[in-house]
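Keeping their order, the protein sequence lines are chains P, D and A.
The numbering of the first sequence is this note's numbering, which starts it at 6 and goes up by one.
The numbering of the second sequence is this note's numbering, which starts it at 47 and goes up by one.
The numbering of the third sequence is this note's numbering, which starts it at 2 and goes up by one.
In case anyone wonders, no lab produced these hints; they're calculated from the structure.
Take the hints with a grain of salt, since some may be wrong.
Quick list of in silico lysine-lysine cross-link-like pairs, DSSO-like style, CA-CA up to 30 Å [to be verified]:
1) D:Lys314 / A:Lys51
2) D:Lys314 / A:Lys406
3) A:Lys38 / A:Lys51
Please read these numbers as outputs of a predicted model, since none were measured by experiment.
Here is what each chain is made of, one letter per residue.
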Amino acid sequence: MEQPILEARSLTVQRGGHRVLQNVSFTAQRGEVFALLGGNGAGKSTTLLTFLGLIPPESGEALAFGEPVHGNVDALRRKAAYLPETASLYPHLNAWENVRYFLSLSRSPRPQQDVAEAFDQVSLAVDARDRRLESYSKGMRQKVAIALALLRGVPLLLLDEPTSGLDPVAIDEFNALITRLAGEGTTVMMVTHDVYGACQVARRVGLLRRGEFVGLFEAPADGMISADELHQAFASSHAG
Amino acid sequence: MNPVFHIALDEWRYWRRSRLGAAATLVTLVLLVASSVVTYQTVTAERQARDQLQDAAQSIFLDQPARHPHRMVHYGHYAFRTPPPLALADPGVDQFTGAAVFLEGHRQNSATFSPAYSGPQGIRFANLSPATVYQVLVPLLLVVVGFSAFSRERELRTDQMLLAAPVGPGQIWLGKTLALVGLALVLLLPLLLLVLLIGEDRLAGLVLVAGYAVYLLVWASITVSVSARSRASSSSLVVLLALWLAVCIVVPRGASTAAQALLPIPSKVETDLAVADAVRNLGDGHNAGDPAFARLRANLLAEYGVDRVEDLPVNFRGVVAEASEADLTKVMDDFAERYAGQELAQAQLLRWASVLSPMLALRAFSTTMAGTDLAHRHQFLREAEAIRYEFVQGLNRAHASELTYSDDMQRSRDAASEKRTRVSPTNWATALKEFHLQVNPASERWQRAFPYLLLLAVFAALAAGLGLSRRTAKGWA
Amino acid sequence: MGLITRELWFALRERTVQVTLLVALFSAAVAVVSGLKTVGDQQQLIEKLKTETAAERALAVAAQVDPGGTAYYGFHFTYAPPSALAFAALGTRDTLAWKHRVRMLALEGQLYEADTGNPELSLSGKLDFAFVVAVLAPLLLIFLLHDSEAGERRSNRHELLRVTAPEGRKLYTVRAALRAALLWLALVIPFAAAALLAGAPGSGIAVVLGAAAFSVAFWLLLCRLVVSRITTGPACAAGLLGLWLVLTVVVPASGKLLARAKVEVPSGGELLLAQREAVNDAWDLPKQDTMDPFIERHPEWAPYRSIERPFEWKWYYAFQQVGDQVVEELSRAIREGVAQRDLMMARLAWVSPPLLVERWMTGAAATDVPSFQAYEACVRSYHAQLRAYYYPLLFEATPFSEEAKALVPEFEPCAREGSA
Chain P
6 MEQPILEARS
16 LTVQRGGHRV
26 LQNVSFTAQR
36 GEVFALLGGN
46 GAGKSTTLLT
56 FLGLIPPESG
66 EALAFGEPVH
76 GNVDALRRKA
86 AYLPETASLY
96 PHLNAWENVR
106 YFLSLSRSPR
116 PQQDVAEAFD
126 QVSLAVDARD
136 RRLESYSKGM
146 RQKVAIALAL
156 LRGVPLLLLD
166 EPTSGLDPVA
176 IDEFNALITR
186 LAGEGTTVMM
196 VTHDVYGACQ
206 VARRVGLLRR
216 GEFVGLFEAP
226 ADGMISADEL
236 HQAFASSHAG
Chain D
47 MNPVFHIALD
57 EWRYWRRSRL
67 GAAATLVTLV
77 LLVASSVVTY
87 QTVTAERQAR
97 DQLQDAAQSI
107 FLDQPARHPH
117 RMVHYGHYAF
127 RTPPPLALAD
137 PGVDQFTGAA
147 VFLEGHRQNS
157 ATFSPAYSGP
167 QGIRFANLSP
177 ATVYQVLVPL
187 LLVVVGFSAF
197 SRERELRTDQ
207 MLLAAPVGPG
217 QIWLGKTLAL
227 VGLALVLLLP
237 LLLLVLLIGE
247 DRLAGLVLVA
257 GYAVYLLVWA
267 SITVSVSARS
277 RASSSSLVVL
287 LALWLAVCIV
297 VPRGASTAAQ
307 ALLPIPSKVE
317 TDLAVADAVR
327 NLGDGHNAGD
337 PAFARLRANL
347 LAEYGVDRVE
357 DLPVNFRGVV
367 AEASEADLTK
377 VMDDFAERYA
387 GQELAQAQLL
397 RWASVLSPML
407 ALRAFSTTMA
417 GTDLAHRHQF
427 LREAEAIRYE
437 FVQGLNRAHA
447 SELTYSDDMQ
457 RSRDAASEKR
467 TRVSPTNWAT
477 ALKEFHLQVN
487 PASERWQRAF
497 PYLLLLAVFA
507 ALAAGLGLSR
517 RTAKGWA
Chain A
2 MGLITRELWF
12 ALRERTVQVT
22 LLVALFSAAV
32 AVVSGLKTVG
42 DQQQLIEKLK
52 TETAAERALA
62 VAAQVDPGGT
72 AYYGFHFTYA
82 PPSALAFAAL
92 GTRDTLAWKH
102 RVRMLALEGQ
112 LYEADTGNPE
122 LSLSGKLDFA
132 FVVAVLAPLL
142 LIFLLHDSEA
152 GERRSNRHEL
162 LRVTAPEGRK
172 LYTVRAALRA
182 ALLWLALVIP
192 FAAAALLAGA
202 PGSGIAVVLG
212 AAAFSVAFWL
222 LLCRLVVSRI
232 TTGPACAAGL
242 LGLWLVLTVV
252 VPASGKLLAR
262 AKVEVPSGGE
272 LLLAQREAVN
282 DAWDLPKQDT
292 MDPFIERHPE
302 WAPYRSIERP
312 FEWKWYYAFQ
322 QVGDQVVEEL
332 SRAIREGVAQ
342 RDLMMARLAW
352 VSPPLLVERW
362 MTGAAATDVP
372 SFQAYEACVR
382 SYHAQLRAYY
392 YPLLFEATPF
402 SEEAKALVPE
412 FEPCAREGSA
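Please put together the full structure from these sequences, using the hints given.
The structure is reproduced here in structure tokens:
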């Protein structure tokens with residue numbers, strides 16, 4: 006088996022004096038969409054921030070491309086893009102300017118043509134692109150942020166509740182996009198509390214509950230993870 | 047209990063628990079008490095020192111030996127400006143004006159030795175008189191404590207629970223403002239105590255405190271109203287701080303600079319030169335032979351039916367001195383009044399900026415009530431001038447009646463005549479009245495200060511309107 | 002796009018930055034223009050008073066035939082011209098005298114006239130460039146920076162920025178420094194233009210530019226320290242305002258109180274009373290009681306010490322001088338006290354950057370207390386020149402021709418550009 010792109014090895018993390026992740030282990034392979042599913046306070050965002058190298062693990066390891074991420078943020082930055090929950094880019098800039106600014110920050114400028122294509126991919130209305138983000142709806146802002154993540158052209162995407170605020174049509178488009186990217190070899194890890202959303206795109210779903218990894222669901226080779234099954238597991242893990 | 051009080055009490059509880067509000071309040075209180083104590087000590091010492099100097103000047107004058115009266119005209123006297131009792135609360139312009147005037151014949155000297163002369167210099171508005179602390183720093187405290195009164199609840203969405211309670215937005219505004227006003231009133235206690243402690247001029251002092259209360263009410267309402275109209279605490283704070291900066295720092299300075307540029311007034315040296323020019327043809331009162339006094343001589347000779355000044359029953363030189371002083375003083379008074387008028391007009395221009403800055407309105411009110419405004423400085427100069435004129439003319443009358451013309455003419459050459467021209471020191475006491483600068487009656491000060499209080503009340507009403515006119519529930523999102 | 006160009010572009014798109022920079026530019030421009038006007042007015046006034054005093058003196062002494070009368074009626078105009086940089090820091094020029102009309106009488110009675118501006122205007126103070134730089138600029142910088150990190154956190158951009166930009170948290174420092182630099186530019190552009198217009202010396206301009214840079218840099222540092230430790234914008238603002246208040250108001254004000262308490266300065270009233278006694282008592286004292294202390298100071302006039310008539314001009318001016326001698330100690334004590342207090346403020350300025358900045362600027366502009374004292378010293382030395390001119394005429398009773406009259410020393414301002 007080839008080396009996983011992402012790997013958590015007995016990951017334990019403390020935040021603000023509380024242990025929020027406890028002995029969590031999982032892997033995500035190249036070209037795979039891996040979802041972490043959990044309720045409020047399950048430790049989803051903490052996992053993501055740990056993989057971004059922003060929080061040091063107390064024990065265990067978070068590896069990306071085979072390297073521990075902590076203390077190695079610079080290397081990761083070139084290979085990973087992050088989409089924060091309810092991403093709000095700069096409201097005083099328009100879509101072009103926002104994307105251009107962040108791409109410049111990450112030292113990965115892209116020609117205008119590519120940016121326009123990315124906007125097309127996330128179906129951001131053409132007439133909205135020259136308006137400042139302060140006039141955007143929540144979903145439109147999310148689209149710009151997704152476009153930005155795409156434009157980074159990196160092999161790893163870390164997404165925090167990527168579909169929140171998107172309407173059903175946009176969610177379908179987003180799912181299609183993610184599936185296509187994965188098919189092209191991009192690894193995607195997303196955290197979500199949306200059971201059905203997770204089933205739509207993820208080949209594997211890990212279930213988190215109060216910082217502990219309580220289950221792993223894999224899609225059969227010819228289909229998707231059963232939403233009902235996942236929902237049942239999610240509900241029972243939270244009932245207990 | 048009325049929900050308004052509930053809201054107010056709840057706000058107090060929040061401040062007590064948030065370290066920011068509690069710390070800021072504590073620091074301000076310490077500053078207030080410290081500034082009151084220090085100002086009380088320094089101004090009291092100053093008052094005593096000036097009173098003592100005044101008494102000393104008085105007794106030195108009265109203790110002078112027998113002399114030619116005109117010598118005493120040039121010996122002169124000093125008038126010291128003793129700060130009024132309420133200068134303890136608001137020293138006003140006193141720090142920049144001369145503390146003493148030398149009073150002598152034929153001249154109106156300007157005041158000398160302002161406290162600024164020997165005072166340490168640096169950042170002008172860094173002075174911690176109670177007035178400055180209340181005018182500039184307490185508003186800042188109210189802003190820092192109250193900027194999130196509404197916006198905080200909006201961010202936490204607790205506002206919708208309040209509205210669902212159901213409490214009207216007006217009631218919420220009132221409750222929050224009441225809480226802030228309550229804090230302001232607590233902060234006013236040191237000033238109230240100071241005014242009661244001063245003892246003198248107590249009624250005016252209480253009115254003064256009332257003025258500060260209205261001023262702080264303005265700030266409390268502005269703070270809560272801006273908070274009510276802001277989406278987020280951060281924007282509420284920025285707007286309020288910008289307002290504070292404009293009202294307390296930029297507008298007063300800008301207006302002062304503008305008044306200077308728009309309505310320049312001549313300097314004292316220019317006025318002195320103009321006076322010298324105007325009196326050049328009045329004749330020298332030291333020289334009875336000056337042709338300027340020919341008419342006076344003719345009238346006097348006719349009145350007494352004699353031919354020569356030597357035969358007059360009065361000393362013609364004294365008569366000339368008195369007449370010449372009167373003419374001279376008239377000219378000098380004209381100039382002094384014109385100058386005072388110009389100074390007032392310039393200050394008035396600055397005070398017009400009160401419509402932009404409640405702080406300027408309060409300062410006008412406060413210095414007027416305390417008796418430390420420009421008008422009171424002019425009053426000092428006028429009263430000092432009155433004393434000057436009176437003792438100079440008293441001495442000139444003694445000059446006319448107590449010695450003879452021939453002795454007076456001979457005295458530079460003849461020692462015996464010289465001796466006879468010395469008049470008794472009892473004349474000093476009749477000529478010189480005691481000088482004790484009294485501040486105007488409180489009612490008169492109140493009349494002049496009232497418009498500014500009215501303006502402050504208008505500000506308070508506008509600020510309240512800003513908060514209450516906010517659209518209800520819908521405007522909350 | 003380079004880091005600097007990109008962040009510059011980014012900053013200039015931000016509303017807060019635009020507004021604050023405009024406010025800074027506008028206040029600096031207003032301060033500089035009104036400063037230039039004030040200084041221009043002072044220069045005009047000096048020229049006017051120079052000619053007017055001379056004309057008045059000509060009229061007043063025309064009829065005087067002896068040096069005594071000429072000295073008595075002849076006033077001379079003395080002044081401290083504003084330096085080329087005075088427009089930037091008006092300093093004490095509205096509260097301490099920079100012009101006096103003096104004559105040959107006892108000098109101490111003529112020096113302390115509080116001929117200054119309208120006290121009600123002084124109470125407000127002036128909006129000069131020094132004020133803008135020392136007091137206003139820190140507030141503007143606090144406006145600019147207080148929410149710079151907390152705002153990013155609030156909008157969920159903090160993590161995104163950290164994983165996107167290789168600079169990591171340094172990005173905030175770059176942004177803050179760039180905004181501070183922009184603020185500095187907005188402040189000094191109007192100043193630099195005016196300074197060139199006014200022909201100010203390069204060293205003085207450098208001091209002012211440096212002072213502005215120091216002020217901005219110091220507050221940049223403070224802002225960074227606070228902003229990177231406190232996570233909400235309002236708390237940052239409150240903390241920074243507290244620091245501003247302490248450094249700008251509380252420390253200087255306490256320093257003034259301390260300087261007053263620590264350094265006794267004799268009251269001017271005492272000096273005035275003492276001098277009047279000395280001058281007036283002379284009329285009643287035996288003439289030699291006046292002449293003895295005078296001759297002690299001026300042994301060269303010993304041969305002329307005897308006074309025959311009840312009134313002689315040389316005796317009159319001798320007792321005027323003795324009047325000054327009597328209060329010499331008191332006068333020196335006052336001057337030294339004032340200098341001592343200023344020294345204390347200078348030391349204190351090291352813990353109050355706004356005060357330090359103001360002092361640098363008033364120093365460069367020669368509008369500080371030492372410059373004021375230098376002017377007083379200048380008047381003293383001119384008065385001594387007058388005495389040196391008149392004494393031979395009075396004592397040797399040399400014939401007083403119109404030519405001799407014309408030789409009376411003219412006042413020349415003592416050169417004092419800023420102590421850069």
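Results for each hint:
With a CA separation close to 14 Å, the supplied pair D:Lys314 and A:Lys51 stays within the 30 Å bound. Proposed proximity of D:Lys314 and A:Lys406 is supported: the alpha carbons are some 27 Å apart, at most 30 Å. For the hint pairing A:Lys38 with A:Lys51, the CA-to-CA distance comes to about 20 Å; that is within 30 Å, so the pair holds.
In this structure, every one of the numbered hints holds.
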